[in-house]
Amino acid sequence: MDLQLAPEEVAFRDEVRTFIRDNLPPNTRDRMRLGYKPSKPEIIAWQRILNAKGWATFNWPREYGGPGWSAIQRMIFLEENLSAPAPELLSFNITMLGPVLIQFGTEEQKRRFLPRAANLDDWWCQGFSEPGAGSDLASLRTAAKRDGDHYVVNGQKIWTSTAHHADWCFCLVRTNPQAPKRQEGISFLLIDMKTPGVEVRPIISIDGSHHLNEVFFTDVRVPAENLVGEENKGWSVAKYLLGNERTGIARLGISKAAIRRTKEVAREVRMNGRPLIEDKAFRIRVAQLEVEAKALEIMQLRVVSAFEKSGGKKPDPLSSVLKIKGTELLQNSSELVMDVGGPQAMPVWQQELAALTNEPALAPDWAAQMAPAYLMLRAASIYGGTNEIQKNILNKAVLEL
Amino acid sequence: MDFDLTEDQRLLTESVVRLLGDTYSFEQRKQMLSLPNGYSERLWRQYAELGLLGLPFAEDFGGFGGGPVDVMLLMQAFGRHLVLEPYLATVVLSGTALRLAGSDAQQAEIIPAIVSGKTTLAFAHYERQARYDMTDVLTAAKHQDDWLLDGAKSVVLHGDTADQLLVSARTSGERDDPQGLSLFMVDASSPGITRHGYALRDGSRAAEISFSSVHLPTEALLGEQDNALPVIERVVQAGIAATAAEVVGGMETLQAMTLDYLRTRQQFGRPIGENQALQHRAAEMLVNLEQGRSMAMLATMMLGEPDPAERARNISLAKVGVGQAGRFVSQNAIQLHGGIGMTDEYAAGHFFRRIMVFEHLFGDIAYHLDKLADDID
Ligand SMILES: Cc1cc2nc3c(=O)[nH]c(=O)nc-3n(C[C@H](O)[C@H](O)[C@H](O)COP(=O)(O)OP(=O)(O)OC[C@H]3O[C@@H](n4cnc5c(N)ncnc54)[C@H](O)[C@@H]3O)c2cc1C
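Protein chains in written order, with my numbering: chain A, 1 to 401; chain C, 1 to 377.
Note that these hints are calculated values from the structure, not bench results. Keep in mind that this is a model prediction, so the values were computed, not measured. Backbone N, C-alpha and C define an ideal beta-carbon position, used for all residues, glycine too. Keep in mind that the hints are not guaranteed to be accurate.
The calculated lysine-lysine pairs, modelled on DSS-like cross-linking and capped at a C-alpha distance of 25 Å, are [as the list claims (entries may be wrong)]:
1) A:K53 / A:K145
2) C:K371 / A:K280
3) A:K263 / A:K145
4) A:K194 / A:K181
5) A:K294 / A:K280
6) A:K263 / C:K30
Beyond 10 Å from chain A on every Cβ pair, some chain C residues (computed) [stated by the list, open to error]:
7) D4
8) E14
9) V69
10) R128
11) R131
12) A256
13) L262
14) A312
15) F328
16) H360
17) L369
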């Protein structure tokens, strides 16, 4: 047992850190440090820089352009990227669609979609959830009927993140409503968002941003060649996809960046006449977060190396621990960031960055994004399988109560 | 000890519940948010007609001579509907300052105008650098022939539309000095005042206000020169009690919405509320709501406590208790709604944000725990 990174892993971390430092556009870095979400062009630009380096496909096998990293290296890479902070790779392309096509796709599908997904020439979105099918995903109803060499799709998806940016959507659809088990009538279909009959409607979330959408399908004709895997076997594709979110599921780097930020801002604001950073109770709250971050880091290393040792096959139920603790830490750290900001974090500041305008600063630059980040992260315990569902998984897989 | 309402209080509550039931659905509120003032002037006049704007003021000045419990009941009803009108700013905060510090002449001039709905006020005390520190005031007033006011106030509730501002300023002493603060009544349209209005995260309005060589007449001084801190403290305490009651009202609505959702939302072929894990969570929400309600009552009762230390201590206890309860109830309300709880189209998120905003006014949980910790003997 050794909790230290090996010397070559440390060297790898330094290489990644240096590359990000030297190549991340400074404007993106500065905005993200202040809590702003990266824009679509910023996300695309950064993924292309990483792709040129051969790192965007960090989790793909070598023969499909992956860098051939160990699970530990992948984790290090993701953490460094998150805590820089740099835009995340588009997970729909890289951790969801890519591995699915590599595992289940036809040669033609791989040739056609993988390079474009890696370079973010196509922006993908995930059409799984429906109004009636959230935690109970297998109850989905969007129907795809075979008609010659096409499927005709009718139905509705919801909570489709970034569908308004997307060129393509990978969808779960029901191809056999009569199947004895609900899971057996589902297929995995790739849908071009420009096809007639696809309509995207925005959902504004509680942070005021447009991230979520409803997607309606009305007689949408999808070429049958866009079926991934066998017809009615889409559930196993979906399960494979959801299992692949394991590395980096805790998004620890974001929490680490938040903890860093609380300390920075706490030097600027006051509590009882002194800098907040000198307040013992505040320091105890930071210390508590650091305890949780460290526990999570070790936990993550354990899960990742067990995954590696099993040859990347056995899904580890302890990844549910990562999801639960990771999202709790995301929520608690963003909460502390906001608390440090205090009243200044409450207005909807219209001015983006005073540093970038000639007008007098209405508010400190750090204030604008504290509440939105906190608000949006309330969703972290909802998406990717709610934390209640994660506990059900732990019960089934480990506790067997 | 008596937790029952008087006949008058029951009538008051009923009339307010009826009015808000008719006028304050989530959809109606959404339209009010887009009005220029960010609230309904028509409803403000109706509050005046119902006597709500005169509730805590003395009958001599056209008020109704009500007490803190009346205000609590009203704020709780407001909280159930996320009311947007500047009641807290005008009647609770500024009204408390006027009642405690205003001369008879000042009260006779302004209070009838408040009661009739003609004039709105804002309490402009906290500054950007101060965060929650009550004595961190840099805005200064110098006395020459008249008063000359310079400085800036931050996150002034309803400061964008108020007709009159109650402004705290240093008339002597240094930053953080408890002595040397004074309060002034300032016409918001005076030359030298710049106001920048915006919405807070819950949709209610506030402003950054700066004062640049603003001339004030001698009689603008409200209360004792250099000794306004005790008044400011009581204004803040009244604000804590009122917002605590609003948070209780908000928690009541969130709890009801969540229970309703647990009963109706189906997953895995049955209502999600049949999962014992969620039943326990709802029970914990109820525990928190009731603890919070007790603490909101404590804050209200303590407004009349004559011993300043005892009053401050209990109100800090209440602010912490209500803050923690509000956090628990609002966070879990969203969680139990799943994706729908995250949308702006759904009311839960709006309650969530109001509770969040109130938690960060007048000192947050950490601030009041800090004060309480300093006091442990
Ligand atoms: C910000 C955000 C982004 C998202 N992005 C996408 C996306 O890109 N693509 C996509 O397909 N989906 C996406 N989703 C949807 C997400 O996967 C679902 O919200 C999630 O699966 C929960 O489903 P639901 O919202 O219908 O809640 P429900 O399943 O209705 O759950 C409501 C509540 O009941 C609880 N619950 C349900 N069943 C049980 C049970 N058996 N035991 C105990 N508790 C239970 C849940 O934990 C939750 O608290 C996103 C969601 C959010 C909030």
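So which of those numbered hints doesn't the model satisfy? 1, 3, 4, 6, 10, 11, 16 and 17
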